[in-house]
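In order, the protein sequences belong to chains A and B.
Residue numbering for the first sequence follows the numbering used here, starting at 1 and increasing by one per position.
Residue numbering for the second sequence follows the numbering used here, starting at 1001 and increasing by one per position.
Treat each hint with caution, since some may be false.
Straight-line Cα separation of at most 25 Å, SDA-like style, residue types lysine to any residue; simulated pairs [stated by the list, open to error]:
(1) A:65 x B:1067
(2) B:1062 x A:43
(3) B:1028 x A:112
(4) A:53 x B:1051
(5) B:1028 x A:91
(6) A:65 x B:1064
(7) A:11 x B:1091
(8) A:145 x A:128
(9) A:108 x B:1026
(10) B:1028 x B:1041
(11) A:108 x B:1067
Derived by calculation from the structure, the hints in this document are not laboratory data.
This structure is a prediction, so every number in the text was calculated from the model and none was measured.
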Amino acid sequence: MAGHASKTIDKTTLWGGGQSPFSVSYGKMMMWFFLVSDALTFSGLLISLGYAKVVHADAWPVGEKVFEALPFLGTGYPLMYVALMTFLLIVSSVTMVLAVEAGHRNNKKQVVLWMALTVAGGVFFLGSQAWEWYHFIHGAGGYFKTTSGQTVYFQEHWLEEHAPESHGTIMASSIESVPTALYLNKFNTGRELVEGDAAAALWAQRDANIVVHGAGMTENEYGHQLYANFFFFVTGFHGFHVFSGVLINLIVLIMAMRGVFERRGHYEMVEKIGLYWHFVDLVWVFVFTFYYLI
Amino acid sequence: MERDDLIVNDSYSFAAHHSEDDGRKIRKKIVFVTILLTVITAAEVGLGVFIKQNSDIWGIVKLTFIILTILKAAYIVLSFMHLGDERRNMRYLILFPYALFVLYLLFILIQEGGHADGMMRIFH
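Make a model of the complete structure from these sequences and hints.
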């Protein structure tokens, strides 16, 4: 496969005009240029995320403590869901490479098969990201502050069962029950469970009348406001790319099914959209590291 | 409509068809890279889950994350995106401007962000 581009062509012919000196078609070259520009956009976002993280390090939660739930299985699985999402996107990238490879052998049936699987992978990723957003917004329990300035967290689902409102800022006076188990430092490494009388004592010291639950437009229960802002912006912008990638993949899939590329004699369109799809995967790899892990 | 970027010789990558035999070899390589990426991801997740942020080696773990991620990126770009199969001048055309710009952005982050409290913490 390395044969074509590494063919040695003498410089005068290569640069003499009438052909691409990079042995790449116009469409592919432009896709690469677009990917470089998009990569810089995401790099800018991730670098500013790094700045926010360092400057607000005291109010920044720990990734594996925030993202520790699995759908239907509840909490206690740190980073499992996002690891699965990463794996899913990598697998859809692999099916895309296999589609490109099948295109190089002009095998229409296999191209259609692998492209269909790639589309499916993309759709599942989007669905997973939607659940992630839902869970992030819904929150992992909520918190209240004590008169001494401590932030104390509820257990999962406690607020839903005992408070009339389940999102945003709630009046503590509307909560009649006394919590039996609370957390300190829930989203940091020093997480501590406090139960029974000690929990009741903390609840008695609650400050003001404000309880925050989930993630809203101005505050979130995980940490600094920028934490949620960056979460939605970076994963949302990435998700938007996945969405457009899925749409274009679908169009290319239909074109392949209708024999457009068979008639053309080559499957380069599959390669070009494959580049975009791999780029989307690449960005996710970086987002995963810099937002969730570090 | 006639293509106006028609190939003069068949050095263009879209003329790059390969035989069934080559196909098998290439698919094996794809599987290898897939397994490698999966293993690296699993390692990253394992490190993230089991090593706490207040431990002594957290600085090294962060560096490991960055190195592993760049390794993953290299495999995706060079193998999956076939940049490794393109002409050398094409590779440089894509990678050099990007690398230059990103290094510049990182420099600006540290240089201009240095006034912010604790920005120098980035090195600890």
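Hint-by-hint comparison with the structure:
no. : hint            : verdict
1   : A:65 x B:1067   : holds (23 Å)
2   : B:1062 x A:43   : holds (18 Å)
3   : B:1028 x A:112  : holds (20 Å)
4   : A:53 x B:1051   : holds (19 Å)
5   : B:1028 x A:91   : holds (15 Å)
6   : A:65 x B:1064   : holds (20 Å)
7   : A:11 x B:1091   : holds (17 Å)
8   : A:145 x A:128   : violated (32 Å)
9   : A:108 x B:1026  : holds (18 Å)
10  : B:1028 x B:1041 : holds (20 Å)
11  : A:108 x B:1067  : violated (39 Å)
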